[in-house]
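Protein chains in written order, with my numbering: chain A, 1 to 203; chain B, 1 to 203; chain C, 1 to 203; chain D, 1 to 203.
If you're looking for bench data, these hints aren't it; they were derived computationally from the structure.
One or more hints might be untrue.
Said to hold, decoys possible - Derived SDA-like pairs (lysine to any residue); straight-line CA-CA distance at most 25 angstroms:
id, chain 1, residue 1, chain 2, residue 2
1, C, LYS2, C, PRO158
2, A, LYS2, A, HIS20
3, D, LYS2, C, LYS2
4, D, LYS2, C, SER157
These are the residues of each chain, in order.
4 protein chains.
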Amino acid sequence: MKTLRPAPELDVETWLNTPHPLTLAGLRGKVVLIEAFQMLCPGCVDHGLPQATRVQATFPRADIAVIGLHTVFEHHEAQGSRAAIAAFIHEYRIAFPVGIDRQSELGGPPLTMTAYAMQGTPTLILIDRLGRMRAQHFGHLDDLRLGAEIATLIAESPVATAPAVTAPATGAVDPTGTDCTADGCRLPDTLTAPLATRTSTNA
Amino acid sequence: MKTLRPAPELDVETWLNTPHPLTLAGLRGKVVLIEAFQMLCPGCVDHGLPQATRVQATFPRADIAVIGLHTVFEHHEAQGSRAAIAAFIHEYRIAFPVGIDRQSELGGPPLTMTAYAMQGTPTLILIDRLGRMRAQHFGHLDDLRLGAEIATLIAESPVATAPAVTAPATGAVDPTGTDCTADGCRLPDTLTAPLATRTSTNA
Amino acid sequence: MKTLRPAPELDVETWLNTPHPLTLAGLRGKVVLIEAFQMLCPGCVDHGLPQATRVQATFPRADIAVIGLHTVFEHHEAQGSRAAIAAFIHEYRIAFPVGIDRQSELGGPPLTMTAYAMQGTPTLILIDRLGRMRAQHFGHLDDLRLGAEIATLIAESPVATAPAVTAPATGAVDPTGTDCTADGCRLPDTLTAPLATRTSTNA
Amino acid sequence: MKTLRPAPELDVETWLNTPHPLTLAGLRGKVVLIEAFQMLCPGCVDHGLPQATRVQATFPRADIAVIGLHTVFEHHEAQGSRAAIAAFIHEYRIAFPVGIDRQSELGGPPLTMTAYAMQGTPTLILIDRLGRMRAQHFGHLDDLRLGAEIATLIAESPVATAPAVTAPATGAVDPTGTDCTADGCRLPDTLTAPLATRTSTNA
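With the hints as constraints, model all of the structure from the sequences given.
The following block contains the structure:
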């Protein structure tokens, strides 16, 4: 049987929309959906964030926690401040907790983004009730498929051992582009090169 | 524990898009999705039928059978013939089997529609691997919720006894109208009056 | 200066949504928009007919007359009857007059469709206040461009001689297909062959 | 005959997407469309800016100049910097020149926004070939109507005296809200109070 690896803990500078910081350890027992985004990523604004809002409205909060993660890897001056993301969250009516991913002192993508080896934004991550990685999608994801994956994880007992959700690394994002497309913003090669190395130390 | 009742067998005049007639009995072991529609129902054309097509494209055919059911209860002269529905299926690229619900000799809604006590079109019905009724939705249904319901049914063993999917009689369809709205076409009161009587003999 | 040719008169079997038959001659002095469609043409249902409805809601009825023309060239048994188009008009809330194009005794496309040498459905035709052809579009047409063309024609005096609206034979419809696409339904080659001959006798 | 007043000159801190600053005086002879927006205004991102892009793609550049105006009246820290708007323009593929409206030293809305007495964002302004105000729309505007208004202005001679385009102060924006809705972001009352006074000195 396939062994499921634990999801890396969040490494967040500061939180919005929540009275106290969140940790995956503290959410154990619930399914967790992480919506990694950037406020200036059109694909995040058009479909990633509205989809996360629909998930929060559709499934019981006792079963699933929806979390936004602001993973800024470009335009730091424009979207890197707490004031910028706070204004964005206010105007776009984001109702779930949002953590700001911690920037690396060495440059490159922020630390949680690196720990998950994300390819860009939006990235949707599903973690099961036992804190294990179950799915990671970069780019557009259909509601039908997402609803099915969430229901599968919710149905699992908090103590059972479960098979893996099929989670191919899909994504209609242009594989060669360094800019954002309608589907998402891909990490440029210059940032992904050191990423593999860092991942091993975080995961 | 709640007892689940068997889904009434289909009573169909003729089939399209399939080399041989279908029965629920013959589909035992699979989840079955029935999309009841009328070709001149805007809510069916806009969202009910495209949603059924997405389901067929998303889930394995070994696990779920998607079936259209043409339940004509108005405009019989316009949409009641096999030629009419065949032309519609061709132009709208409907790829799943479609049965034409059998008209009642007594007037009123067609027989399968009556057996399921449907309120109008579109109506989406989910039947589990054991042939039992699990959900019936009239009007618009979100993909997230539908994906979750289907995954729940697919995950069940063909021999297990399972709890009921929550399936409230939702539907944004105007409860007073006798015409179609953007969400669907409701059975007029004049047709639903005899319906209760018939239902008891079929269900 | 380019000479503008008169728009061929409508040759209609019967009218719906109007107390008396319409003629282009009787509408002289107004701009006329003809939306040629088939009730089983997905591109007509999705964008052609809703666009015609928006035109009727946006511009003064003293300036422009919006007319539907049911130009059945396929699936005659399904969509060729008055009952079929009447049911369709009712369910889709078409509020403007609709004429049923007269079928040819020789086979081929109906007579008005032939007189205008239409390539398929939807086709949108603009006729100026003096009854002259000004634009003919097959397939999808942007609202911005259509609004501009209509305003140009409305601004013309009923007696002035005006330059032609630029009306290239656009259309994103697959030029090789004989079936309907999302954009429209093209006349098959077998029907367009005799079309050129007939056109000369009608135009 | 109604007298048309000259459009107030732009008062802009800096320009993007253009090699040299623009002035209305320098654009005399062309129709000018000004799209006033804020980068964190959902109604601007969803429909105002895409509509301006469609206008630029549809009409000849010899006839109409499309200009963006970044009129920041809230969230100055988040969207007030040149870096912020530059990143936004890059990611959202805005191809027309964008000026940053000059902030007032006295507080309140920026100066061009005040000179035009705009109610919020998005606001679309049409100026004729002679530099005169012809239309000002706050909130959502249909493409059909906009296409008609633009064509009317383009058709006017650069030297003729023309009647006013009908330009009611429409807008589906919630009149009581101080936050953004799906349609736009309205100036709060605390900012509009001093606005009337300022307007008279600018207009």
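Indices of hints not satisfied (ascending): 2 and 3
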